[in-house]
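J.: Using the hints, put the two chains back together into the complex; each one sits in its own frame.
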Amino acid sequence: MSLAHWEDFVAGSVAHYGPRLITREEIVAFAAQFDPQPMHLDEEAARATMLGGLAASGWHTCCIQMRMIADGFVLDSSSLGSPSVDEVKWLKPVRPGDRLTVRATVLQTRASNTRRGMGLVKMLFETLNQSGERVMTQVGTMMLARRGFDRISAMKPGGAP
Amino acid sequence: MKFFEDIAVGEKAVFGRHTFAAEEIKAFAAQFDPQPFHLDEAAAARSHFGALCASGWHTVMLWMRLAMLYRRTEDDALRVRGEPVAQLGPSPGFRDLKWHEPVYVGDTITFATEVVETRVSKSRPAWGLVFNVNTGANQDGTLVMSFIGSAFVERRPGG
Chain A
0 MSLAHWEDFV AGSVAHYGPR LITREEIVAF AAQFDPQPMH LDEEAARATM
50 LGGLAASGWH TCCIQMRMIA DGFVLDSSSL GSPSVDEVKW LKPVRPGDRL
100 TVRATVLQTR ASNTRRGMGL VKMLFETLNQ SGERVMTQVG TMMLARRGFD
150 RISAMKPGGA P
Chain B
0 MKFFEDIAVG EKAVFGRHTF AAEEIKAFAA QFDPQPFHLD EAAAARSHFG
50 ALCASGWHTV MLWMRLAMLY RRTEDDALRV RGEPVAQLGP SPGFRDLKWH
100 EPVYVGDTIT FATEVVETRV SKSRPAWGLV FNVNTGANQD GTLVMSFIGS
150 AFVERRPGG
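These protein sequence lines are chains A and B, in that order. The first sequence begins at 0 in numbering that gives the first Met the number 0 and counts up by one. The second sequence begins at 0 in numbering that gives the first Met the number 0 and counts up by one.
Hints are not guaranteed to be accurate.
Pair by pair, the computed Cβ-Cβ distance ranges are [said to hold, decoys possible]:
hint, chain 1, residue 1, chain 2, residue 2, range
1, B, T107, A, P82, 20 to 28 angstroms
2, B, A7, A, P82, 29 to 37 angstroms
3, A, L2, B, E82, 53 to 61 angstroms
4, B, A41, A, D75, 15 to 23 angstroms
5, B, V115, A, S1, 39 to 47 angstroms
6, B, V114, A, S152, 41 to 49 angstroms
7, B, R155, A, D70, 15 to 23 angstroms
8, B, V119, A, K91, 17 to 25 angstroms
9, A, P82, B, G9, 25 to 33 angstroms
10, A, G96, B, R155, 32 to 40 angstroms
Chain A is nowhere near these chain B residues, computed Cβ spacing over 12 angstroms in every case [as the list claims (entries may be wrong)]:
hint, residue
11, E4
12, K11
13, A12
14, T18
15, R70
16, G105
17, N137
18, T141
19, E153
Just so you know, the hints here were simulated from the structure itself, not pulled from any lab data. Cβ coordinates follow ideal geometry from the N, Cα and C atoms, glycine included.
So that you can see chain B by itself, here it is in the shape it has in the complex (with noise of 0.2 angstroms):
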């Protein structure tokens, strides 16, 4: 992670992409939202889905798991280049997320963010606040899925 004074406004990433699996959705809905149209191909082509989608949150988790690889692989850069890594803190919450469309199988949805707002922690002066609007698209552009994050990070040293 970069420090929380080289983070701009307007700086955009793309995480990556992910193929849903009809296996992986219906293991996600059994462990945590077990709704017919995310669990059951018979029961979702009856359903106004018409066909098996992921649930909201799964699409939500993949985000996330391509934001902290991104991340990972951002860190060993700057490691290798000799400088310094900056801690990414925990996240005070999130708002505004939207479903827009449904996650079927065999969807790819391309993961990205953008940072649309820096501020020092008033409680945590150590500590800045960055908020970003971070989106899913599918394989025809169309956004699935956005919603606008926060998270802690490190403020240089003396800075």
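Same shape as in the complex, but just chain A (with noise of 0.2 angstroms):
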């Protein structure tokens, strides 16, 4: 199977990943490990919040998006990982039994100016509920090497070719 590298991401092109179902269970377990407040460990107590019901983190949908990537297009590609994250915006919660999908738009491409073999692609994800309402938008930057150079080559100081 060939990778994807930098010179396949191009400005303006859109692609769809998942659906994935989020479960009650898959919530709480999460917020009792990372991020324990009650809106996202018990109905009850999250009723009473600004949430107004049990709802994911959101981390957890940040966490959720980043393997939905990785299963739709990162894992396939010559991904060096990540530098950054501009932007995350939560803007609906997330609540069990929600179907998210994840549309993805390249931004902009760019060469290294210090590393000859890296690329940068900057890429909008918005992830997506069952009604298609966007629950939460992120703009990152991803890095990857560009075509004949693998992950120890593109790292190498030195110019754009």
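T.: Next up, the structure:
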């Protein structure tokens, strides 16, 4: 199988990943481990909060989105990881039983100025629920090896060829 | 949680520290970020990272966990003193998350926060919004992760 390299990402292209069903059990398990707040742990306590009922931690949505894009394209790419996320907005609660999809849009691509085998891709990820409502948006940057480079040679210093 | 009115720009807190073990790095990666350099020592050794390192999201999740445990201890102390405890609301989001350096097996990361802005919510007048610069630094004092977080914090009733 051939990996997608930096050159294969084209500004303006859009792809969809998922769907992924979200269960009450995973919401509570994630919250107990990483975000132990009543609104993510207990239905009755959550009803008294701003979210009005049990909802997934926003961080959980970030992690689920990561898994969805990993399965969607990252694992089949020359990904070198991510240096940064510009912005994440948590727009609506994610509830038990929600079915999430991710719409991924390539915003911009540019060659690295300092590493000749590496390129950067800025992407918009929108996580949508089963009603088509955006529950989370994220703008982030990925580093990818350029065609003809592996993960080690991609990181060698030097200007773009 | 203190009430919104009692939170001032410049306030700092250290939430705690966490040492990342290989098993938890791999378990998190298997669930959420199964890239080879987070999942397998041999594959990581062949990658640009040179050794197994944590998913960036895993690092941020430990910041969140330690932040929430710190707040719980703080709330318990307020209750012991008989003082009212404000509700910490949800967060509308964050910005400028940067993974500055990899977190490798055995690294001990110290997680901290500093308040950088406070303002009353326009849409929810019973709440204020607090913005923080949140950080993780390793045992050498090198910054590994930072972001600007935000959260709703309850205003003092009648305040």
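J.: It remains to establish, for every hint, whether it holds in the given structure.
T.: These are the hints, each one checked on the structure:
no. : hint                                   : result
1   : B:T107 with A:P82: 20 to 28 angstroms  : 23 angstroms, holds
2   : B:A7 with A:P82: 29 to 37 angstroms    : 32 angstroms, holds
3   : A:L2 with B:E82: 53 to 61 angstroms    : 57 angstroms, holds
4   : B:A41 with A:D75: 15 to 23 angstroms   : 20 angstroms, holds
5   : B:V115 with A:S1: 39 to 47 angstroms   : 45 angstroms, holds
6   : B:V114 with A:S152: 41 to 49 angstroms : 44 angstroms, holds
7   : B:R155 with A:D70: 15 to 23 angstroms  : 46 angstroms, violated
8   : B:V119 with A:K91: 17 to 25 angstroms  : 23 angstroms, holds
9   : A:P82 with B:G9: 25 to 33 angstroms    : 28 angstroms, holds
10  : A:G96 with B:R155: 32 to 40 angstroms  : 37 angstroms, holds
11  : E4                                     : 18 angstroms, holds
12  : K11                                    : 22 angstroms, holds
13  : A12                                    : 17 angstroms, holds
14  : T18                                    : 16 angstroms, holds
15  : R70                                    : 9 angstroms, violated
16  : G105                                   : 19 angstroms, holds
17  : N137                                   : 17 angstroms, holds
18  : T141                                   : 15 angstroms, holds
19  : E153                                   : 10 angstroms, violated
Hints 7, 15 and 19 from the list above are not met by this structure, while the remaining hints are.
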